[in-house]
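Protein chains: 2
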Amino acid sequence: MFKPLLNKLIEKMDGQAIGAILMDKEGISVEKVESGEGLDVETAAMGYSVVLKDIFKAADMIKAGSVSEVFIRSAGYSALMRILDENYFVALFLKPEGNLGKGRFALRTVSTEIRKEL
Amino acid sequence: MFKPLLNKLIEKMDGQAIGAILMDKEGISVEKVESGEGLDVETAAMGYSVVLKDIFKAADMIKAGSVSEVFIRSAGYSALMRILDENYFVALFLKPEGNLGKGRFALRTVSTEIRKEL
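As you go down the protein sequences, you meet chains W and C in turn. If you count the first sequence from 1, position 43 lands on 43 in the working numbering, and the numbers rise without skipping. If you count the second sequence from 1, position 84 lands on 84 in the working numbering, and the numbers rise without skipping.
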């Protein structure tokens, strides 16, 4: 039931996305979609799931409040992560030139639908 | 010489920014500006400087290439960080409702000027 939603997310990005994944906070993939750009979406998201924990810890320490969104842009691709609840997050991977504003909008819309199914 | 540039960054945000800081990767502040919203910009940036190191490590591990930009949105405020070189980054803190697109644009522009002075 999550696959069609992740596919929808990819489609909304008009070729700018290279993958999307629904993952739990321990780095276990629930469902993923790759758009054949050669990125191992699961490994990438797993790497960043560790970072998310570090971010939550830091945010707690500096009293920033609960974290809802994280964006990491690097030379190879951009990762846009949206925290759904205390257990799950969705990550959308974009090509380096991908439009962040568009990605955030698409991710927000689809996240609402995914959250209903969790 | 960095103070006027950080002030310019704050001004560009039309009241949406709560602070900006130029910091080295060890978490030592070079210069900072706070706009009186009660956020201790230095402590917040210090907390996230540790996170940046974790992100660099993760990005390296998953072969994402060098990280140029990190955005963390939380309930209390949003932090937008731009990596200037191997030693320094600039962080711009926005109110929760602050416009991310505007923040990225302002930060990109001012970062170019800061980089010239480093």
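Treat the hints as calculated values from the structure; they're not laboratory data. Be careful, since some hints might not be right.
Repeated chains share a single entry, so a pair holds when one copy, or any two copies, can fit it.
[Unchecked claim] No farther apart than 25 Å at their CA atoms in a straight line, the calculated lysine-lysine pairs in the DSS-like style are these:
| hint | residue 1 | residue 2 |
| --- | --- | --- |
| 1 | Lys116 | Lys95 |
| 2 | Lys12 | Lys102 |
| 3 | Lys8 | Lys53 |
| 4 | Lys95 | Lys63 |
As the structure is a computational prediction, the values presented were derived from the model and not from experiment.
Right, here's what the structure says about each hint:
1. Lys116 / Lys95: Neither. Shortest intra-copy (28 Å) and inter-copy (28 Å) distances fail the 25 Å Cα cut-off.
2. Lys12 / Lys102: Answer is both: 8 Å inside a copy and 23 Å across each meet the 25 Å cutoff.
3. Lys8 / Lys53: neither (27 Å within a copy, 34 Å between copies)
4. Lys95 / Lys63: Classified as between: cross-chain Cα gap 14 Å, same-chain 33 Å, threshold 25 Å.
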